[in-house]
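Peer 1: Given next are the chains, with one letter for each unit.
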Amino acid sequence: MTDISSTSGTATAEAPVFAGLETRGAHAWFGKHHALADISLKFPVCTVTGLIGPSGCGKSTFIRLLNRMHEFIPGAAMAGEVLHNGRDVYDPSVDAADVRLKIGMVFQKPNPFPAMTIRENVLSGIKLAHLKRANHDDIVETCLTRAGLWKEVKDRLGASGGSLSGGQQQRLCIARSLAVEPEVLLMDEPCSALDPGSTLRIEETIKELAEKITVVIVTHNMQQASRVSDFCAFFLTDGGPGYLVEADSTRKIFTNPTDPRTADYVQGKFG
Amino acid sequence: MTATITPTSPTPVEPQTPWSTSRTSRVRSLSILLTAAIVAAIVVLFTGVAGIDGWAVTFFGLSLVIAVARTAKIGPKERKDALMRVVITSAAVAAFVPWVSIFGAVIFRGYSGARINYFTQDMRTTVPDDFLEYGGALHAIVGSLLMVAIATVITLPLGILSGIYLTEVRGRLTFLVRFVVQSMSGVPSIVAGLFIYTTYVYSTQSFSALAGSLALAVLMLPTVARTAEEVLKLVPEDLRSAGYALGARQWRTALMVVIPTVRSGLTTAAILGVARVIGETAPLLLTSLSNTTLRFNPVDGPIASLPTYIFGYLQIGTEFAIARAWTGSLVLLVIVLFLFTLARRFGGKDKR
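If you read the sequences in order, they're chains A and B.
Going by the working numbering, the first residue of the first sequence is number 1, and it counts up by one from there.
Going by the working numbering, the first residue of the second sequence is number 1001, and it counts up by one from there.
Bound conformation, chain A alone:
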């Protein structure tokens, strides 16, 4: 099992505290069902990591573990550590809402708030989390621009968020996540419900985002993983809990993976 950071030139291996997101021996359960076993991964700052693997191997469970969305499912349990900038997010002294403020999330299905306008949707995180921010107009423009939506909606910021197309709604959700200035953005199959054009726009957005923040993206689309990610982690399940097969730079995963199962999967032989 290769550690992502070992191949990363940017990671500070010698530093006592790993800047970024890291899991150590993470497990997850739903009731008695052991969904995910012993995942140790590092996500260096300002990189894009793709989580790939067949359906049901625990990728979404893992990503929800990272910002404490996992605990909303009744009967959920976990083990191990999730460290953000060296601090365990599951420490009893840590507030879950603060964790989610720093580690944002974009969901598979676009979910803009239907009772709010486009502008209000972008600013919703600031109001929801009680953040003090001046110049709301600037935030709206910056976030929508970063999400690649500004040009399309700048003349109708007062329209309902639900009036946009599916792809636009998803980019609105990305803009909404950016407005609270997260350090990490988790994306759970953000393009699975979108057309190729919108997918392309969002992929460009992801690449631009990685200049400033860390992105972790779950995807079923191998081309997408190879296009947007710097690192890839391949998950698999043999009927039991999902486990990590291999994690490395995207180029290595797609051209010369260590494990033959990884090679089979990225070449489309199963999954």
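Keep in mind that a hint or two might mislead.
[Claimed, not checked] From chain A, some residues computed to sit far from chain B (all C-beta separations above 12 Å):
(1) A37
(2) V45
(3) E152
[As the list claims (entries may be wrong)] Simulated crosslink set (BS3-like; lysine-lysine; CA at most 30 Å straight-line):
(4) A:K154 x A:K269
(5) A:K154 x A:K102
(6) A:K32 x B:K1233
(7) A:K127 x A:K212
(8) A:K269 x A:K207
(9) B:K1077 x A:K127
(10) A:K269 x A:K102
(11) B:K1080 x A:K109
(12) A:K269 x A:K252
The hints are simulated quantities; they were obtained by calculation from the structure and are not laboratory data.
All figures in this text were calculated on a predicted structure; none of them were measured in a lab.
All residues carry an ideal CB built from backbone N, CA and C; glycine is no exception.
Could you slot chain B onto chain A? The hints should help.
Peer 2: Leaving out everything else, chain B in the frame of chain A:
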């Protein structure tokens, strides 16, 4: 060999509905039905069968016979279909009859007793049997609206909060709260009146609008809480997740995301609650009683309301008193209809 597509010359096309029944067959069915109605009327006139109910039974029997006769040559499936159609249509009409007759009676008798002064005067200087040009029910209308308004102000926050407790907080008491709310909706309204009578009225030694409002609130709460719960359940889990993922705490998410999403549904909950209690009579007889003077102060002694007004004047039993009661019923009916129309309009908006 290649297939070719030859463009046909454009011909004007009219929109058609080949699946609907033709006009001639509809006219034929209608005329057969009309004949059956006339035959049934003749049977009532010249035989021992009598009355409107006799006519209805005869007409129903004739319709069955006609349905069998018309499908005799086609087949047993079509015959069954035609018979079921007659039975189901008759059942629908039969359910409609009492509704229409109640509405008809209230509208006709209520309207014939209505005068403009009915809405501008009270009964402080008028005896119940005075001509309808004197006195009115302004005090009862105001009393009803006042009590229902206070009851709504008490109930709405409680109802919505308990709905939020049941759907958002899902605390340890969820089961108990839901059970209590459900059994409260089965409490006879007079029990609610007795409860307020023994607690509030007895201790203050006075009937009042506030006591009436409290009794109505007891009856209104289960309706509002249950409707609010049902409405809040419709909010997709996605939206809550989105709120949490933005770093919001639970109460902020409930307040800023969940409630605004179903604002119109919660309005419906309030209106349904009002419609539930505005016609209540029994609890008001024990709490607010009735009076003859226009009054706005909710703690200043007995106060009239439309239901107790109707009840009281029907009991007096003289011609003009009864006419006043009928007009009161019409006013009450119009208010309830108005509220339900509002509820439908607001409720419809949620579905988009």
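Peer 1: Could you work out which earlier hints the structure fails to respect and list their numbers in ascending sequence?
Peer 2: Structure breaks hints 4, 9, 10 and 11.
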